[in-house]
Amino acid sequence: MSEVISNNKNQTSHWAENFIEEGQNPALPPEKLAALPHDSGLLHTTGMAKYIDDLPTPANCLHGAFALAYEGVGKIKTIDISKARELKGVVKIYLASDIIGENNCGPVVHDDPILAENEIRFAGQAYAFVVAKTRHIARIAARLISIEIETREAITTVDEAMDAESFLHEPLIFNNGEYETASELAEHKLSGRMYIGGQDHLYLEGQVALAIPSEDSLHLFSSTQHPTEVQDLMANAMDWPAVRVSVEIRRMGGGFGGKESQASQIAVMAGIAAFDLGVAVKLRLDRDDDMIMTGKRHDFRADYEAAFDVNGKILGVKHIFAGRCGHSNDLSRSINDRTMFHADNGYFIPSYHFISHRCKTDTVSNTAFRGFGGPQGMVAIERVMDKIAAKLGKDPLDVRLENLYGKHGNHTPYGMEVTDNVLPELIEQIAQSSDYKKRRAEINAFNAIGGIIRKGIALTPIKFGISFTATHLNQAGSLVHIYKDGSVHLNHGGTEMGQGLYTKIRAVVMKELGIKKENIAITSTRTDKVPNTSPTAASSGADMNGMAAFEACKILKARLSAHFQEIFQVNDTPIFEGGVVKAGAHEISFEKLVRSAYMGRVQLSAAGYYATPDISWDAATGRGRPFYYFAYGASVSEVEINALTGENKVIRVDILHDVGNSLNPALDYGQIEGGFIQGMGWLTMEELVYSDKGLCLTHAPSTYKIPCMSDRPEMHISLFENNNREETIYRSKAVGEPPLMLPISVHSAMSHAVSSFSPKGEWPDLDTPATNEMILKAVRTEMGKSK
Amino acid sequence: MKTITKIRFFHQNQEVTIEGLKPQTSILDYLREHRGLTGTKEGCNEGDCGACSVILAEIGDDEQIHYKSLNACVALLHTLHGKWLLSVEDLTSKEGDVHPVAMEMFKTHGSQCGFCTPGFVMNMAAEHSNDNHDIDFPDLLSGNLCRCTGYGPIELAAKRSFKMDKPSWFIQIENHAKAWLREFNNQEDLSLSHEGQMLYAPHNAENFARFYENNPKAVIIGGTTDVGLWLTKQLRDIQTFLSVTRVHEFHQIEESETSYKIGAAVSLNRAFNALEDEYPEAKDWHQRFASHQIRNAGTLVGNIANASPIGDSPPLLMVLGAVLYLRKGEEKRTLPIEDYFIAYGKQNRHHGEFIEAVEIPKRNLAMKLVAHKISRRRDQDITTTLFAASWKDTQEQFYDVKIAFGGMAATPKFAQQIMSYLNSTPKADLNPLTIVKLMKEDFQPIDDLRASAQYRVDASLNLIISTFWNEEIALEVQRRLAS
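As they're listed, the protein sequences go chains L and X. The opening position of the first sequence corresponds to residue 1 in our numbering, with each subsequent residue numbered one higher. The opening position of the second sequence corresponds to residue 1 in our numbering, with each subsequent residue numbered one higher.
Hints may be right or wrong, so weigh each one.
[What the hints assert, rightly or not] Cut-off 25 angstroms, straight-line C-alpha distance, at most; resulting in silico cross-link-like pairs (BS3-like, lysine-lysine):
hint, chain 1, residue 1, chain 2, residue 2
1, L, 88, L, 437
2, X, 427, X, 440
3, L, 75, L, 529
4, X, 159, L, 649
5, L, 133, X, 233
6, X, 22, L, 133
7, X, 440, L, 88
No wet-lab data here; the hints were simulated from the structure.
Please take these sequences and the hints and turn them into a complete structure.
As structure tokens, then:
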């Protein structure tokens with residue numbers, strides 16, 4: 001074959017080129033403060049950063065492994081541990097009956113057993129736990145355990161669950177009662193169905209915990225995004241008050257939502273054994289076990305109907321979502337809610353009837369993953385936009401512009417007004433800078449010539465709601481100590497998983513106290529320092545913990561200022577900057593002021609607290625203001641497909657993204673590029689395959705393919721100049737999740753390329769992930785249509 | 001003949017000895033659990049993510065040190081013998097100076113969670129230390145997965161650091177290592193035994209052949225890029241390993257006027273580099289064959305010997321007319337490579353017999369060649385379908401057509417019916433729709449987790465038709481089949 005889709009080489013587009021000097025220079029001028037490199041960067045690159053598996057273990061530390069039931073679902077008849085027990089080096093084998101307290105690791109509804117009890121609810125579920133002298137022995141012993149079950153037919157897909165009406169709970173419905181009328185009156189209508197695939201987190205560091213017992217308590221090192229939840233579930237499993245458990249995490253090797261609820265089972269199991277045996281127990285899952293027994297992004301079936309006018313203006317949309325939740329609730333209610341909150345994306349939909357079914361299946365319980373259900377809703381509405389455009393023979397961008405919030409209305413289907421919309425301006429900027437119109441015309445001309453290589457281009461926007469929709473989670477705490485010598489100990493409830501949260505929060509303290517980063521020690525997140533924390537999730541880490549640290553600094557500054565006024569006998573409020581505290585002619589170094597304050601018996605420790613204001617959500621009525629604000633962005637992607645093999649490639653990507661007033665542009669660019677590539681993987685190559693019994697077959701990176709370096713396209717990323725209208729920390733915006741949805745343009749562009757084979761210019765029903773196979777199938781479907 | 005029972009290698013500026021560990025211990029477990037060096041990470045434990053990348057360095061015939069990155073999770077301890085091991089900790093000097101690749105990774109914001117980072121850094125450091133400046137970084141680094149960054153900052157770090165020199169403190173250690181490596185005696189057999197497990201790594205072919213004839217149940221290993229997974233994933237208990245890695249004859253690439261004969265211990269990368277000038281059409285196939293680290297450790301003969309239906313080398317070698325050299329004790333025979341694959345899990349190989357080398361003919365100038373791999377991800381993925389074809393032709397007729405596929409049957413397999421049709425029919429009479437019919441006779445692939453049988457057939461047909469007709473006709477046939 002002469003034309004093979006090429007490898008992308010010699011990239012020239014690297015945002016990091018603009019942020020290298022900051023990394024070199026530790027003594028930064030104040031205005032450069034914002035672009036400080038990751039606090040652990042040099043520790044990472046030299047191998048010195050310690051993850052949980054790297055910590056020195058106490059003497060006689062034992063190791064655990066789960067036994068998994070691969071054979072299907074059904075009632076447990078017998079479990080035979082005799083062979084495993086005989087293996088030299090095995091210390092103890094735990095079954096569900098050995099758990100003293102509650103056998104549950106479900107975060108909201110207590111419906112998720114740590115070890116299967118009475119029945120196996122999905123193929124791959126853990127039902128026994130071996131503790132042995134080495135990890136190797138534990139793993140061998142786990143496979144010597146056998147289980148017999150009365151297997152029953154498993155419901156494994158959304159289609160099967162919908163047919164069987166197998167649901168976790170009642171559907172959520174947004175319905176203003178006008179869709180049916182709008183649909184009847186509309187000039188144009190369309191409908192369709194789309195399958196949207198799931199995604200494994202593939203954090204490079206798998207699930208791991210180290211449990212250390214003492215006489216009446218447990219200290220858990222857990223690779224978790226939610227230390228407080230691990231604490232609570234551990235206490236429940238022991239029938240203890242929460243105060244007897246402390247949880248600590250310095251850093252995770254990636255989380256992406258996969259360690260929000262999924263870390264608990266691992267940590268709690270290790271804790272149960274450690275306290276029982278009186279020695280430390282480490283539990284680190286093998287990658288295969290990890291991918292088989294922990295939850296993933298929900299896969300969806302999305303049915304849509306749209307009514308629209310000749311300009312492409314939407315009159316009404318009906319969505320019926322069916323999300324595969326798995327065997328238990330986990331976080332599925334909130335995740336599917338968020339799908340509903342994002343089924344409008346950036347578009348005003350005057351008449352709507354959205355229904356969200358939460359399918360209960362006999363498969364692993366799906367969980368949080370960057371975007372938390374939002375991406376699936378956005379993919380569905382973007383498909384509607386593309387379909388409308390194809391039907392009317394318009395550029396999809398024009399249909400998108402026609403329907404953006406602001407033009408015909410600002411009212412969302414959940415009763416919240418959109419007041420901070422920047423999409424019209426943002427889209428105009430990126431359409432210009434990416435030369436979208438011209439390139440689209442060129443691509444259409446290229447495709448019209450024929451040939452096996454076809455190109456596609458698309459511009460898609462995102463609008464992502466920031467806040468936990470479970471309103472009570474929107475609170476955070478911090479703890480700041482100033483020691484006598486002026487060095488500062490910083491702690492807060494957020495966890496570090498690579499996103500640079502600690503670096504951002506430290507910058508807040510640097511700015512508020514006017515001191516250098518070297519004077520601030522960032523310490524492990526611990527439930528015994530800041531209690532009752534929310535998960536580091538919903539992109540809220542910097543927003544909430546940054547504010548909590550700000551509040552603590554405010555308290556400390558007020559006390560130090562009062563002391564300053566006392567020693568200098570002035571009324572002016574001093575400013576803290578460049579290592580000194582000054583007011584008018586009076587100036588003192590931060591260290592000296594601190595020492596003096598100590599001698600003057602001023603309290604030098606403060607706890608900060610923050611609760612996000614002005615938000616509310618009533619799940620019963622489906623109304624409220626669930627989000628404090630929205631983060632916006634848009635991307636333009638260009639792709640190539642090979643019509644004979646389905647092979648495909650993302651060629652060029654332009655991104656304009658709104659992070660408000662950036663807390664740290666280097667970290668924000670990193671989140672944008674990383675989120676984009678992760679989302680691109682979800683939509684293109686990351687395909688999860690399950691057996692008929694519901695067992696995950698793609699349970700290792702050998703068979704589950706995330707993008708690698710050669711998949712990275714040419715990328716042009718810019719930040720949209722904007723300040724958050726809400727009073728967030730320094731008017732910044734959250735950045736963790738939103739970029740994951742930018743690559744919806746990749747999927748639209750793939751569809752555009754495929755559409756060139758459609759005799760009537762129809763838009764293909766390309767599902768996600770758009771693998772080689774899916775693209776070839778879509779090409780053949782379009783080619784097979786008559787003229 | 002002297003047999004030694006301890007592993008000796010150079011590490012952290014001194015000689016290190018290992019004894020009393022099970023031979024199947026991986027270099028990764030050794031570093032992390034027995035040496036407390038935790039910078040090297042375990043991400044997948046199967047050689048796919050690259051987080052465990054370390055460097056093994058050795059002296060080449062050119063008296064220079066050659067640095068090779070490999071996946072420590074599937075590399076067994078004996079491969080350290082007589083080598084210099086570097087892990088990420090070796091990229092910081094005693095005084096705290098940081099090697100340019102690690103420093104640039106930091107400065108370009110190349111780490112986020114940091115867990116994959118040591119692996120990237122080590123894979124880069126190997127080529128940096130080889131003073132190799134002409135690098136295709138996406139190819140070099142396709143065996144290192146990062147879930148956070150999107151790779152841009154990492155690529156930038158690589159580009160920047162490769163413009164920088166080796167630090168002087170590193171050169172100093174390099175010189176010590178060179179002296180140690182030069183003095184090391186490679187003329188000994190290595191025999192390791194612990195807890196009922198034995199590993200024998202003889203230094204010559206005669207000892208190897210004799211041992212295998214007497215111990216036909218021994219598991220032959222090279223880079224353990226496949227057998228490693230028997231250990232880490234299947235937790236198999238293997239009694240006896242027999243390693244090709246120290247057999248000096250097996251490291252030879254013998255070039256004659258008509259062929260290259262590639263020994264059993266020649267790594268994939270070395271073999272491919274030798275073939276690249278001969279068959280430039282195979283460059284893409286080479287790049288997409290596993291990852292750089294796997295190609296450094298795995299052997300071409302191993303890829304053939306394990307006879308996987310999705311092995312990437314057999315289809316190409318079949319259409320090139322490769323021949324296997326088999327040996328049992330002193331008995332030797334040759335076999336066309338296609339005759340080696342009998343059925344799934346069954347090969348034309350007697351008890352105690354092994355493949356000593358594969359011979360690949362040099363190019364016949366009239367021959368045309370195509371190799372096209374289809375996989376879910378372009379780089380470092382397992383084959384869905386691998387298509388290879390060679391042929392000659394005149395204006396009127398194709399001849400010497402060979403077409404082989406991987407991933408389409410229980411073994412790598414020729415498209416027999418299609419080949420004979422193309423060989424026997426004048427070009428003017430060839431009908432692409434006949435290929436569609438013959439395809440069904442030649443192949444009945446199965447659905448699996450990589451693709452459906454239908455996709456395999458569709459894509460394979462398109463590849464054949466676009467090769468022997470052209471793309472437009474392939475497209476037209478597809479249109480007809482679709483409607």
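Of all the hints given earlier, name the ones this structure violates by number, lowest first.
-> Violated: hints 1, 3 and 7.
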